[in-house]
Every structure is written in C-alpha cells, then in structure tokens.
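As a plain string of letters, each chain reads:
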Amino acid sequence: MAVMTMRDALNDALHREMERDERVIVLGEDVSGGAGGTSGSRDAAGGIFGVTKGLLPRFGDKRVIDTAISESCIVGMANGAALAGLRPVAELMFADFVGVSFDQIFNQMAKFRYMFGGKAKTPVVLRMSMGAGMNAAAQHSQVIYPMLTMVPGLKVVTPSNPADAKGLLTQAIRDDDPVMFLEHKALYARKGEVPDGDHLVPFGEAALVREGQDATVVAIARMVPFAEKALDKLEAEGITCDLIDLRTTSPLDEETILESLSLTGRLVVVDEANPMCSMASEIAGLAARKGFAHLRAPVQCVTAPHTPVPFARELERLYVPGPDRIEAAIRDVLKEG
Amino acid sequence: MQQSPAQIRHAYTRMRLIREFEERLHVENPKGEIAGFTHLYAGQEAIAVGICENLDERDYIISTHRGHGHCLARGCDPRDMMHEIYGRADGLCKGRGGSMHIADLSKGMLGANGIVGGGQPIALGAAIACALRGDGSVSVSFTGDGASNQGTVFEAMNMAVVLKAPKVFVFEDNGYSEHTGASYGIGGDLKTRTEGFGIPVWEADGFDYFAVYEAARDAIAEARAGRGPVAVLATATRYFGHFEGDPQNYRAKDEVKRFREEKDCLMQMRRRVVEAGIFSESDLDAIDAAVIEQIDAAVASAREGPRPGPEIMLQDVYLDY
Amino acid sequence: MARIHPITLPKWGLEMSEGTVSAWHVAEGDIAERGSDLVDIETDKIVNTVELDVSGRIRRILVASGEIAPVGALMAVLADDSVPEAEVDAFIAGFTPVDAGFEPGSDTASAPTAAPAGTAPVEAAEAVSATPLARRLARDHGLDLSELTGSGSRGRITRDDVLAAAGRPAALSPAEAAARNAQVHASPIARKFANSAGLDLTGVPGTGRKGRVSLGDAQAAAERDGLWRPAPKAPRPSATAPGAAVTGVQPFTSMRKAIARSVSASKRDVPHFYTAMPIRIDALNALRADLKAAPAAPGVKITVNDFFLRACAVALERCPDLNVHVTEDGVRRFDQVDLCLAVSVDGGLLAPVLRDAGRKSVTAIARETADLVAAARARTLAAEALEGGTFTLSNLGMYGVASFDAIITPPQGAILALGGPQERAARAPGGGICFETVVMATLSADHRAIDGAMAAEFLAVLRDLVETPIALLN
Numbered sequence: 001m002a003v004m005t006m007r008d009a010l011n012d013a014l015h016r017e018m019e020r021d022e023r024v025i026v027l028g029e030d031v032s033g034g035a036g037g038t039s040g041s042r043d044a045a046g047g048i049f050g051v052t053k054g055l056l057p058r059f060g061d062k063r064v065i066d067t068a069i070s071e072s073c074i075v076g077m078a079n080g081a082a083l084a085g086l087r088p089v090a091e092l093m094f095a096d097f098v099g100v101s102f103d104q105i106f107n108q109m110a111k112f113r114y115m116f117g118g119k120a121k122t123p124v125v126l127r128m129s130m131g132a133g134m135n136a137a138a139q140h141s142q143v144i145y146p147m148l149t150m151v152p153g154l155k156v157v158t159p160s161n162p163a164d165a166k167g168l169l170t171q172a173i174r175d176d177d178p179v180m181f182l183e184h185k186a187l188y189a190r191k192g193e194v195p196d197g198d199h200l201v202p203f204g205e206a207a208l209v210r211e212g213q214d215a216t217v218v219a220i221a222r223m224v225p226f227a228e229k230a231l232d233k234l235e236a237e238g239i240t241c242d243l244i245d246l247r248t249t250s251p252l253d254e255e256t257i258l259e260s261l262s263l264t265g266r267l268v269v270v271d272e273a274n275p276m277c278s279m280a281s282e283i284a285g286l287a288a289r290k291g292f293a294h295l296r297a298p299v300q301c302v303t304a305p306h307t308p309v310p311f312a313r314e315l316e317r318l319y320v321p322g323p324d325r326i327e328a329a330i331r332d333v334l335k336e337g
Numbered sequence: 001m002q003q004s005p006a007q008i009r010h011a012y013t014r015m016r017l018i019r020e021f022e023e024r025l026h027v028e029n030p031k032g033e034i035a036g037f038t039h040l041y042a043g044q045e046a047i048a049v050g051i052c053e054n055l056d057e058r059d060y061i062i063s064t065h066r067g068h069g070h071c072l073a074r075g076c077d078p079r080d081m082m083h084e085i086y087g088r089a090d091g092l093c094k095g096r097g098g099s100m101h102i103a104d105l106s107k108g109m110l111g112a113n114g115i116v117g118g119g120q121p122i123a124l125g126a127a128i129a130c131a132l133r134g135d136g137s138v139s140v141s142f143t144g145d146g147a148s149n150q151g152t153v154f155e156a157m158n159m160a161v162v163l164k165a166p167k168v169f170v171f172e173d174n175g176y177s178e179h180t181g182a183s184y185g186i187g188g189d190l191k192t193r194t195e196g197f198g199i200p201v202w203e204a205d206g207f208d209y210f211a212v213y214e215a216a217r218d219a220i221a222e223a224r225a226g227r228g229p230v231a232v233l234a235t236a237t238r239y240f241g242h243f244e245g246d247p248q249n250y251r252a253k254d255e256v257k258r259f260r261e262e263k264d265c266l267m268q269m270r271r272r273v274v275e276a277g278i279f280s281e282s283d284l285d286a287i288d289a290a291v292i293e294q295i296d297a298a299v300a301s302a303r304e305g306p307r308p309g310p311e312i313m314l315q316d317v318y319l320d321y
Numbered sequence: 001m002a003r004i005h006p007i008t009l010p011k012w013g014l015e016m017s018e019g020t021v022s023a024w025h026v027a028e029g030d031i032a033e034r035g036s037d038l039v040d041i042e043t044d045k046i047v048n049t050v051e052l053d054v055s056g057r058i059r060r061i062l063v064a065s066g067e068i069a070p071v072g073a074l075m076a077v078l079a080d081d082s083v084p085e086a087e088v089d090a091f092i093a094g095f096t097p098v099d100a101g102f103e104p105g106s107d108t109a110s111a112p113t114a115a116p117a118g119t120a121p122v123e124a125a126e127a128v129s130a131t132p133l134a135r136r137l138a139r140d141h142g143l144d145l146s147e148l149t150g151s152g153s154r155g156r157i158t159r160d161d162v163l164a165a166a167g168r169p170a171a172l173s174p175a176e177a178a179a180r181n182a183q184v185h186a187s188p189i190a191r192k193f194a195n196s197a198g199l200d201l202t203g204v205p206g207t208g209r210k211g212r213v214s215l216g217d218a219q220a221a222a223e224r225d226g227l228w229r230p231a232p233k234a235p236r237p238s239a240t241a242p243g244a245a246v247t248g249v250q251p252f253t254s255m256r257k258a259i260a261r262s263v264s265a266s267k268r269d270v271p272h273f274y275t276a277m278p279i280r281i282d283a284l285n286a287l288r289a290d291l292k293a294a295p296a297a298p299g300v301k302i303t304v305n306d307f308f309l310r311a312c313a314v315a316l317e318r319c320p321d322l323n324v325h326v327t328e329d330g331v332r333r334f335d336q337v338d339l340c341l342a343v344s345v346d347g348g349l350l351a352p353v354l355r356d357a358g359r360k361s362v363t364a365i366a367r368e369t370a371d372l373v374a375a376a377r378a379r380t381l382a383a384e385a386l387e388g389g390t391f392t393l394s395n396l397g398m399y400g401v402a403s404f405d406a407i408i409t410p411p412q413g414a415i416l417a418l419g420g421p422q423e424r425a426a427r428a429p430g431g432g433i434c435f436e437t438v439v440m441a442t443l444s445a446d447h448r449a450i451d452g453a454m455a456a457e458f459l460a461v462l463r464d465l466v467e468t469p470i471a472l473l474n
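Protein chains in written order, with this note's numbering: chain A, 1 to 337; chain B, 1 to 321; chain C, 1 to 474.
For the record, the hints were derived by calculation from the structure and aren't laboratory data.
Note that the Cβ used here is the ideal one computed from N, Cα and C, for glycine as well.
Be aware that one or more of the hints could be misleading.
What the hints assert, rightly or not - Simulated crosslink set (DSBU-like; lysine-lysine; CA at most 35 Å straight-line):
id : chain 1 : residue 1 : chain 2 : residue 2
1  : C       : K45       : B       : K263
2  : A       : K62       : B       : K191
3  : B       : K107      : C       : K267
4  : B       : K191      : A       : K191
5  : B       : K31       : C       : K45
6  : C       : K45       : A       : K62
7  : B       : K257      : B       : K191
What the hints assert, rightly or not - Covered, in the sense of this in silico footprint (three residues per stretch, anywhere, with C-beta under 8 Å from a C-beta of chain A), are these stretches of chain B:
id : segment
8  : 172-181
9  : 259-273
10 : 309-317
Whole structure, please, built from the sequences with the hints as guidance.
Have a look at this one:
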C-alpha cells in the first residue's frame, strides 16, 4: 500500500496497463503536449490535469497520441481503433465536450455490438474530467453521467477515491465494452491508500463505505467524501447510516441499495447532477418500484438545482450539494415514521 | 494610413485598453480573488481591433474562450467586464458566466465561448439573419489555429459558401493550440484549406494594426456587397499561457520576450503614428495614462462589487417556465 | 508601492486551492529586488517560483518551508524600513485572506431547493390545478385561474380553457364567412369547411401549392380559434371513464365578452412593460393602528388599499407623465387624477372611478371607495362612474397573491398591481435582523408614452409616500 493522490493512482494504472498489453493506446488533446512547441519538451503537459504524464517518454508517440482540438475525431478514432483490435484510452479534457462528440459516443460506440449482431467489440475507455467546484463555469463543470447512464451499451464509472480510481480504470481498460470513465476534477488531489501491483474493482459492485442503522445514504464521486463529513457530525450524536458509494452508475448495483434500504427503511440520495432525470431520481424510482414496502419516510434527494453551473464563487458554493445539505436531508428523513 | 486621426486615436485607445486590461489581470489573477479560468489575449490586440474598427452597430461578432480582447474591441464596457471576471452580481453576465462567457448582445457581441469551435456555426446563423435583413451587415467569427481543426469550422465554411452568406472568418494563428504547437496540430495550412472551400483569404501580419485594418476593410467590403463569405488570416502570438497559471513548458523561455521587444503591436503603432506626425509621444502617453486610470478604477470597483446571492443563481434558466 | 506589501500564496490555474511552501530564496531582514525569486511553491501537480513584483525589505516570513497554506494566505510581508514593527504586526493581524477554497457553502438556509427554477411565481396560485402552460397563458392574459373551470382530468385547467376564457374571435355567420372567403386562395373543400365553421380564412397561412389554403390549414386555424374540434378518437373500452366528463358549457356573458375583447386588444396592441417595487408597509400598519385607537377615530375603516389609492393619486400629481391617455394622435394629459379601482364582481370585473382623487383626503377616499365597491357588486353603478379614468389600481393582496402583472385598460397609460403583504427578513437599522412587511407594487406601463425611468420615478415617489404615511393624512 502506498498513499497517493487520485491523479497518481490513475497515472499508475495507465502505466501498468500499457506495460501489460501493447494494444493499449492513449489519445487526446495534450495527453503529452509540447509537440510543435519551441521548448523542445515532448511531455510538456501530460494531460490538462497531469493524469497521462510520463506515458509518452515511456511508450512513444505511436501509442501516446496527441491530437488536435477535435473531440468528435478523438472519440471516432478510438472507436475505429477498437474495432480494429486496439484498446484505446481516449481523453476528453472536460466531460462537457461530450457535447461536441456525442454522435460518436451514443450513435456509434454504444451501438456497434448490438447493431452488428453481437459480432463487434468496442473496448474503448473514454476518460474525462467532470464536476463543479473550481469555478470553471457552465461549459466546463457539468457532471454528465446521468446522460451517459441512460444510453444502453455504455458502462459508466465514477470513482470517489484513489484506490477505486486505480482499480476501476484497470478494469475499464481490460473490459471489452465501451466505458465512460468520469474523474471528478476536485478529487484529483484527494489522497488515499492504494494497493500496490494489479488492483481491479469489478463493475456493478457498490462499496459500503460505512455501516449504520438509521438510514441509507447513496452517493457518487465527490459526494461520497461530503457524505462522510455529514456522517461524522451525525455519528457524534449517535445517528449512524449506511453509506453506499455507487462507483459505477451503469451497471447499477441495485441489490446493495435495496438490501440496505430493507434494513434502515430510509433513503437519502446525493447526486451532484441536476435534479431531473438524475441518478437521484433514478434511485428514488428504484426505491419506489422495488423497495416500497421498506420505506418508512419519503426518499430525500440532495442534488444541484435545475440551473446551469454558475461561475461566481458565491453561486457555485450554493450550487454544489455540500455536507450541510446532506446532513439536513438525513435529519429530514429521520423525522417521519 | 488613410484613417483620420480620430479613428487612429480610437483604435490605439482600444488596443491599449485591451493590453492594460490583460496585463492587469495577469497581476491580479494569482492573488486568488478571481476564480476559475482566465485566458488572456495580450499580444493579439491588433487583430481584434483591426477587425472591429471596420464594423458598425448592425454587425455581429462571436468570440472564443480567449475573449476579452474581442469584447473590448467591440465596445463592451471594461468596468462591467471586470465585474464579471470577479464574479460580481452587477457584472456583464451577473457573475454567472465569468471570464470565459462574457457576452453583450446589445453590442452585437454574441458571446465568448467555452467550447472550442462552437462559435462558427452560430456566427453563420447570424450571417443568414444579416442576409435576410439585406442591410449590408456582416457576421464575424474569431477562430484560433487550434479551433480551426474542429469539424464545426469546416461545416460552417462549407455552408457559408453554399449560402453565399456575409460571413467573415477571422483566423487568429497565435502559434499554439493550448499546449501543442500549431505546426503539429494543423495538417496543410489554414490559407489553402480556406481557399479550398472557395473562400477568398486576406492575409495580414497580426502585430500590425494597419495591415489587419486594411485587409479586413477590403475583405468585409466584399462580404457587405453580397459576394459571399471571406476570410482574414492574421498571425501573432499570445504573451501569456493558455490559461493563467499555465507553466508553459512547451515554450522556449525567451520566445515571448523577443516578440514583445521586436514585434509588439502597440510599439509598432506608436512608432508609425509618431513618425507620420499624427500624434506626439506625449499625446499617446496621455491616452495610456487615462486607460490605466480606467483599469485601476474597474479593478477597484470590481473588488468591492456586490456578491451574487441565491436569487441570481435561480433566475434566467428560462424566460418562462 | 504602498508602505506595506503583502505576499500571498498564489493561485496558479484552475485546480489550485492550496500549496506547499517548498523553499524560501530570501530570509527575514533581506532586501529583495523586484523580479528576483522569492519562494518555491509546490502543488501535487507542479513546482513553481514566485517572483517579486516590488522591491523592499522582507520584514516577516509567516509560512515556513514545508508548510501547507491555502491560496490567498499571507506568506510574507515587505515594507521599507520607515515602517515601525508595530505597524507591520497590526497589518498582519488585520489581514483578511481571500477565500479561494473549493468547498460548497455551509449555509443550509440559503441553499437552493432541488425544485426547478422559476416555480416561485406560480406558487401563489398553487391551490388551483392547472397545467404550467395554462398558468403562463393565464398570467399573460391577466386571468385569475381560480375563476376558470378546468376541462382536463380532475378539473385541471388546460391551455384551451385559458384561451377560451381569454376570448378568441367569434364565429361568423355562414353567409358572412362565405362572402369573406370567396376571394381567398383556398381549396373548395377548405372553403366549404371554413364557411360552415364560421372561420374567416383571410390571413390563414396556406401550405398547399402556391400558398393555397388546404383543408388541414383551415382546420388548424379553426381549432386554434376554438371554432372547431377534431372528432375524438373512439375511446377504448374501459370500465371507468379516464377523466372528468364535461358537465355543460357555459356561454360567455356579455360582461365576460367585453372583458375578453378589451384585454385581448390591450395585450395585442399595447407594448406593455413591467416595473416592480417592494414597498414597506410597517409604518403604514402602525399608523392605521394609531388611527383606530385615536379618540377622534374617523367613522370609517381605512384600509391599506385606501392609503395606496391616496398615495397613487398624490404620486400621479407629482408624476403627470403617467396620468395620461395614449391615443392615435398622441399622449393626452389631464389636470386631475381620475383613479380607477379594479373591483372583482360576480362574473367579471368592473373599474369604477374615484374622481379628482388627488384632492380627496384618505378618509374621503375610504368612504367613497366603500360606496363604489358596494355599488359595483350590486350592479347599481351609474354608467358615468365607469368612464374616463386616467389610471387604474388593481389589488389582489387580500387573496395572498405575492405579486402580479396587470393588463393596461386602454387608453389609460398605466395600471398598478398590488400584491399582498409579505414578511421578509431585513437588516435592522441598529444592527441585527428584523422582519419587515412588504407589498410588491408592479406597474404595467404603455411603452409608447412611458419610459422605464418615468415608471421607476413614479414607483419611487409612491414608495416614499407609503413608507412615510403621515403625509398622506394631510
């Protein structure tokens, strides 16, 4: 075990998988950086968030490919390379740029296998940074996993800590289906213990981060550490909760949620997405469909408001669901029944 | 130089305003009061101003993530912009947009855009509106060398030719597409590409205000006359990183210093204007001093500006819901 | 340079919220030159060096090597030697760093709800069941939803219900329609349909060849105008009917028709704009309580509305630009304020006139208003009591409405809409928080004659009068 940031854990997984399997390639804008520049450095960026640092010097520019700012082309190239037998890990600097490349994602890679009669394999990993919290404003701050989760054919991964980030990225690269890998930009600097060597976290298994008795809290990505903060405070008063980190929104681990709900009878879902058609509404729906008999109080959803992400610090701090709002929701769900 | 002294004064003032605005933000940004991304335009002033001095109030422009220069050249209020960049409730976009999304539709400024290549089809849409009005107005898109590789740009060029739209494609080659050199990212060259669509290209030294102005004047006249889309290709450099805080490992240490000393657009303009006897050094110094005072005031008031509250977050998602 | 110059931990790029001071290149007491290297700062991404942007003596170093500090933290202080130590210490003690952290707000009270934005305006009418589109149209047409009957499931008010209430073009007689439609470029079957439905085809956009109006175009226009409905599809057999059954159709009364015509014409032809002003009525409420308790109490109950009528009249005398009629040939001004008061009556709305309200005391206004309202509800108003007003006040405060936009009654230039009292928290004059009671006054004005500044000025005068109500007793 070593303590490292999520950025380094992801970097470690990429190094290992490129070492292990020469079909793995990395492509995107500035994944190395510096090509055509005047400094002569060919690893000048290593990705806008530094996740792909050091790959180019190690594996060369045939396998670590800098691209122009052409997101449709980046994703399309990854699709084609995958159909032709490679295992591409493509990067979109910001998840928001899915907007530029969505055809290649939801009409192409997601549908190949099904449309082509089960004959195609598209082992693409599309990595992207997501989330608010850094005042990057409306076009660089969205968590778009609900949009991706609704597309059949895509797997959607949302790690909340360094160990899971390494294990899930390794699994994603070895997975034969297209995987949307969403890295919360406010978590890159989050530190934690990471297993040495090969580490795999399977898809569709949520993590039970904490065990408790009074309520079930389901959280995603950056909302997990926020929920932990809220629970720290409540535990001092003797209130304990199950905290479930979904880890993947597709496949969704319904069983873990429903099992916990059957024990606690109360559910709070914390989701940084906008409220409509969100993971929060999806999981609330799940509770209504399959956990109705266990519910002792209305499900509480803690989400961002139905607005774009605002720029100003004061506004973004209101926008992002934080520990205090999570705590309030847990208290609300405990009031009834 | 066929421009009147008043025109030259106007253009010089706008260029100086952009320069001081950006230089000041470079100083203020590390202090932490300004949140989020800040992309500075310093070094490329002659392009924005050389183009916009040829526009009138009927026309439209659309900008990029590096938008402060285009906004100021188009006449946006520097105080209101500064308030926006500081995220104040009385900023140009109520603190919701910030540096990357400054827009002033009342000035035909259709917005700085955080999506690289997002603006060109939008500007083409505005050009269609210009054509429909039939008043000789034009729509201008600013596109960096990096953005020139987006499919949307090719799509917009094609449709502009098909529709013979009064659209002015301004390509600003500042040598870098984020952290990668333009020479790596662009296959072929911008001029041949554009001409391949049948769009005539006027080239200009992007450090030379007069060269850009004259190229834009001739190009825009064609578009206004209804002879279809045109392009202006200008080359300059950005003095700062891709964003504030960019360590610029892709760039040689003395690269910017050389451009500043040998090519700087304001330096060149000063020299030519003084040599031609249009203004004296002290005339221009007075303009500079007034601009610096204006920027000082804008920063001071932005620092004290009103912080936005929850009501500002919840407004304007829709007109009506 | 200022006498004292702070050196703060810089923000380099989007992600940086804190940094580690990895090495100082200077020590306390050194003189450092502008442009020289000061300190190395490390994040988990980069190491970079802070260069000095001024020259001076390093008087304090506050963050030691190896320590982590947030962006904006005071790392060092420069000052020239003339600055005494105590002043440097005072500067450090009084320094407030920028909060550049990434943590969300801790203020749960102000945190937004997950509800879609924009629901606030409809909350007041929430008790009535209506579709969102119907609510919007009702607001646009100035209709009170509670007065409408819904035809949707469980009595929900739909778009069509609102449009019907707003009054749409009446059907022509078949002969009249035939005469009008004879010259329209339409297919024979479309013309036949239009004539029988009483639809005027003039202006109906045609989608057929060379713009010919097809049967579909005519049907769409007729449906839009409420003249025709497509036959319902045969219902699937079902044990219970899927919704409420229509229990009858109530034709428009003549008053309803007149209102519908008038508001439709106004909303269509008058370029409305809206200006709202919150007005505190705490002082007014206190004054009313005093009046009630006074030994020489007036023999009539003076309502908040009476005070607003009085304040409106005075404000209009001071702002004569709003006391106008807007006509084809120009703006007509008047030498007195004839103030209309919108009164809700059975089946509609009347607006009797308080003549020369500017010269009437608030007691006189209270008395006369009570009489006018009673007469309006009893339908005993004389015809002239409804003619010639110069401005209208409409008040829905008694229904708990927060605020609303009223439709101007042409040729009047403006109308004022009052919401009900709302308590809100405010900063108390001596510090701390207090509650204040506010009424939202929304002015709808005809932009052909009245500009924003004029509207704002009127509202400001009105506010000042109501907030210092003692003057209204004169």
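Quick one, are K107(B) and K267(C) close enough, alpha carbons at most 35 Å?
Holds, at about 29 Å.
Compare the distance between the alpha carbons of K62(A) and K191(B) with 35 Å, and conclude whether the hinted pair is satisfied.
Within the cut-off at roughly 29 Å; holds.
Within 8 Å of chain A's CB atoms, at least three CB atoms from the segment 259-273 of chain B: coverage verdict:
violated (count 0)
Is K31(B) close enough to K45(C), meaning Cα to Cα at most 35 Å?
Between K31(B) and K45(C) the Cα gap is close to 19 Å, so the pair holds against 35 Å.
Is K45(C) within 35 Å of K263(B), Cα to Cα?
34 Å, holds
Satisfaction of hint between K62(A) and K45(C), Cα-Cα up to 35 Å:
26 Å, holds
Quick one, are K257(B) and K191(B) close enough, alpha carbons at most 35 Å?
28 Å, holds
Proposed proximity, K191(A) with K191(B) (alpha carbon, max 35 Å)
Violated, at about 48 Å.
If you count the residues of the segment 172-181 of chain B with a beta-carbon closer than 8 Å to a beta-carbon of chain A, do you get 3 or more?
holds (count 6)
Verify this for me: three or more residues of the segment 309-317 of chain B with a beta carbon less than 8 Å from a beta carbon of chain A.
Held - the segment 309-317 of chain B has 6 residues with a Cβ nearer than 8 Å to chain A, which meets the minimum of three.
Going down the numbered hints, you'll see the structure goes against 4 and 9, while the others check out.
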